[in-house]
Every structure is written in C-alpha cells, then in structure tokens.
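There are 2 protein chains.
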Amino acid sequence: MARQVRAEVTRASVLMAAADVFVRLGYANAGLNEIIEQSGVTKGALYFHFSSKEDLARGVIDEGQVRLTAGVTSVSDGPTPALEALVALSYVAIEAASADPIVAAMLRLQHEIGDYQGTDGNVVTAWQQAFERLVGRAVDEGDIRTEEDVAPETLATFLLGSLLGTHVVATATNAFDELPRRMERVWYFILPGLVEPSKLVYFRQFASRRLLR
Amino acid sequence: MARQVRAEVTRASVLMAAADVFVRLGYANAGLNEIIEQSGVTKGALYFHFSSKEDLARGVIDEGQVRLTAGVTSVSDGPTPALEALVALSYVAIEAASADPIVAAMLRLQHEIGDYQGTDGNVVTAWQQAFERLVGRAVDEGDIRTEEDVAPETLATFLLGSLLGTHVVATATNAFDELPRRMERVWYFILPGLVEPSKLVYFRQFASRRLLR
Numbered sequence: 001m002a003r004q005v006r007a008e009v010t011r012a013s014v015l016m017a018a019a020d021v022f023v024r025l026g027y028a029n030a031g032l033n034e035i036i037e038q039s040g041v042t043k044g045a046l047y048f049h050f051s052s053k054e055d056l057a058r059g060v061i062d063e064g065q066v067r068l069t070a071g072v073t074s075v076s077d078g079p080t081p082a083l084e085a086l087v088a089l090s091y092v093a094i095e096a097a098s099a100d101p102i103v104a105a106m107l108r109l110q111h112e113i114g115d116y117q118g119t120d121g122n123v124v125t126a127w128q129q130a131f132e133r134l135v136g137r138a139v140d141e142g143d144i145r146t147e148e149d150v151a152p153e154t155l156a157t158f159l160l161g162s163l164l165g166t167h168v169v170a171t172a173t174n175a176f177d178e179l180p181r182r183m184e185r186v187w188y189f190i191l192p193g194l195v196e197p198s199k200l201v202y203f204r205q206f207a208s209r210r211l212l213r
Numbered sequence: 001m002a003r004q005v006r007a008e009v010t011r012a013s014v015l016m017a018a019a020d021v022f023v024r025l026g027y028a029n030a031g032l033n034e035i036i037e038q039s040g041v042t043k044g045a046l047y048f049h050f051s052s053k054e055d056l057a058r059g060v061i062d063e064g065q066v067r068l069t070a071g072v073t074s075v076s077d078g079p080t081p082a083l084e085a086l087v088a089l090s091y092v093a094i095e096a097a098s099a100d101p102i103v104a105a106m107l108r109l110q111h112e113i114g115d116y117q118g119t120d121g122n123v124v125t126a127w128q129q130a131f132e133r134l135v136g137r138a139v140d141e142g143d144i145r146t147e148e149d150v151a152p153e154t155l156a157t158f159l160l161g162s163l164l165g166t167h168v169v170a171t172a173t174n175a176f177d178e179l180p181r182r183m184e185r186v187w188y189f190i191l192p193g194l195v196e197p198s199k200l201v202y203f204r205q206f207a208s209r210r211l212l213r
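So the sequence lines, in the order shown, correspond to chains Y and E.
Residue numbers for the first sequence follow full-length UniProt numbering, so the first one is 1 and each next one is one higher.
Residue numbers for the second sequence follow full-length UniProt numbering, so the first one is 1 and each next one is one higher.
In case anyone wonders, no lab produced these hints; they're calculated from the structure.
Be aware that a few hints might be false.
Here are the simulated DSSO-like cross-link-like pairs (lysine-lysine), alpha carbons at most 30 Å apart as the crow flies [as the list claims (entries may be wrong)]:
| hint | chain 1 | residue 1 | chain 2 | residue 2 |
| --- | --- | --- | --- | --- |
| 1 | Y | Lys43 | Y | Lys53 |
| 2 | Y | Lys53 | E | Lys43 |
| 3 | E | Lys199 | Y | Lys43 |
| 4 | E | Lys43 | E | Lys53 |
| 5 | E | Lys199 | Y | Lys199 |
| 6 | E | Lys53 | Y | Lys53 |
The structure presented is a predicted model; accordingly, all values stated were derived computationally and were not measured.
Let the sequences and hints guide you as you build the complete structure.
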C-alpha cells in the first residue's frame, strides 16, 4: 500500500475501535490501551493520528457527523416535501446509529464530552440550522401551520429537543430497541400542534408507515 | 462544632465546590485539585468523603436529585390537577437549576457521566416513573385524552423526552436564558395532541402564565 492509503486505513481502524469502546464503556471509562488493543495498531500509530482520548472522541464525533449527514442530506435535499423529510430523518438517525458504531458513538459522546463539539464547531448548532431550513420549507409548502408569533427557529428548536430527548431517554434507560416505535409516537403526539386537522391522518400514517419500513 | 456536624459541613462544602467546577468545566475537564482549592478543605478531608472524581460526581447527582425532588414533590403531590403539575414542574426544574449549582451540575453530569446513575440507581428511570404517575392521574382527571392504544407509560416517555431534550439543546448551545420561554413553547406545540380542543386555550394560557410568574 502507498503510505497515504496505509495511514488512512490505520486511522479508520482506530476510529472504529474507539467508537466500539466508547459505545460500550462511555467516555469516562474508555481506556486508550483497550482502544489500541482492539484496533490492532501500535501505540505510536494511534498517537500519530490522535494526541489524546479527547482528540480521539472529537474525531469519532466528526466522522459520525459526516456519516449521519450523508444519510440526512439524501433525504432532506431531494424532492421530498420538507415535513416528510423531517419525519424520515428522525428514523434515519436511529437506523444509522444501529447500523454504524461510529454514528452510535457520536450520539453518545456529544453529551459525554460536555461541550458538544467535534474538532470543528458545535454539533447541535449544525443540527439546529438544518432543522430551521426544513421547518422554513415545510411552512412555505403549506404543511406546517404558521400561527401569529411562531418563527421557524422556535419550532425547529422544539422539534430538535423532542427528537434528541427521545434518544437521550432511550440511552439512559437502555431502551434502544424501542426507539423506532417511540419516534413514531413522538410524531403522533406532536403532529396535532403542527398541521391542519385535515392533514393529520395523512402525516400520522406517514410516520407509522415509515416505522414499518 | 461536634465532629459529626463538622463532617457534614465539610461534605457540603466539597459538594458545592464540585458542583461549581463541574458546571463550569464539565466532568472531563474538572480537576480534583481545583475542587479542593475552591472548597477550602484539605485533600484528606475530601478523600474522607469521596474516593474519586467519579464518586464525587455521583454524590453531586444524588444531592441534586434530592433538592430537585423536594421542589417537584411540593408541586406534584398537592391538590393541583396532574396536567397542571406536569406543566409546573417543567418550570420548577429550570428554576431550581438556575438558583442552585448542585441541581445545575446534576442535570449536566447525568449525561456526562455516561450511565445516568447517582450512587444508587438510574436518575432518568426515577423521572420516568414520576411522569407515569402524573400522566396516569391526568388521564383519570379527564385532562389528558386517552386514545385507542396510548398507555400512560408511552405518553410519559414522550413528555420526558421532550422536556429533557429541551434542556439538552439549551445546554449544548449555551442558551440557558431562553429555557423558560422554550419550555412554554414546548407546551404550546404539545398540548393540541394531549387535551380536548375545548381545553386547549386554558392549558396554553396556564403554561404562558406560569412562564411570567
């Protein structure tokens, strides 16, 4: 292998091993030695790429964010109406986390590392901005009702909080398996406050069908 | 002072200093030396009460939980209708966290310590159970509509997720000052899915007035 390719393979091995250890043990209890052992690289190779456990955790957050964003972008930037995209991406995050340890570790480390930053900027702020764009578009498309004093920003903050909080409660109580069903219920309870009564059945069914996919 | 009283004062000083440092720096960056310095106790005195940073963090979580529960119990066990108690206690948690660093640290450390445990059991599970009782009572009182397949447990999980997530997003983006207003919006958006249309105006106003108190 060319040197650069080898370096990339090493970095990827370290990130994958780190994600697995972080998901299992959490940030506080994860040890660099265990990560080194599991990745099969040397201590020197790990330190070539990451200077500390914190640096490694931020690297996992960055990579998890890239992977999740890839799935999210394919849903939210296509021709799908924005409210359907919002519903769909709440499931995409769950599916990505259960299929990919790096996404799962990202979601966990965000909280544990304390400042919600990868190596570059705030992860939750990035989500907030993505939600604002989608809510703004759903309002323009006539699917989300605008009332007197409700800015898309306010609604985006509420939605992000409800979805993120559903992850947090499931994480805290070890109920990952129930997450898709709980997400469907979040939409069930929230939709009456977001859409015209005439559209409620459609969007509730949309959320239920997405669950069964 | 009698020895026991002195020990309690020492323990309280350490907890308060620890809470302040944890809130400012987060679990990962908080140092025992800084906590010792700020508390004004000796290293030996600290280690008499707490064996490690982790032990200290769990002590802060325990104490924060006790203090928050005191405020919550006075709201939720009185004659107040349960849905009003649920609205009120979402503000009580914000007010307690802004008035008392130990409660603020508890809310932060819950996530950062990774397993959501104090020294004794899961903090989020305890909240979940309290929410279930209140939701069950609000259903009995006729304020929360029951639909076909919605168990109080499901609704409690949803509510807890939405309220906790609102804290998480505010913590992550440094927007504590906006929390009361955001909490009022959470109820504004959620209530249409919980109550009869004829009661919507009353409960939305209840949430708004509680904000202004």
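To see whether the hints hold, each was checked on the structure:
1. With a CA separation close to 12 Å, the supplied pair Lys43(Y) and Lys53(Y) stays within the 30 Å bound.
2. A distance of roughly 27 Å separates the Cα atoms of Lys53(Y) and Lys43(E); the hinted pair therefore holds under the 30 Å criterion.
3. With a C-alpha separation of about 63 Å, the suggested pairing of Lys199(E) with Lys43(Y) is violated against the 30 Å cut-off.
4. For the hint linking Lys43(E) to Lys53(E), the alpha-carbon distance of about 12 Å falls within 30 Å, and the restraint holds.
5. Restraint check: the Cα-Cα separation between Lys199(E) and Lys199(Y) comes to about 21 Å, which is no more than 30 Å; the hinted pair holds.
6. Of the supplied pair hints, the one linking Lys53(E) and Lys53(Y) holds, its CA atoms being roughly 17 Å apart against a limit of 30 Å.
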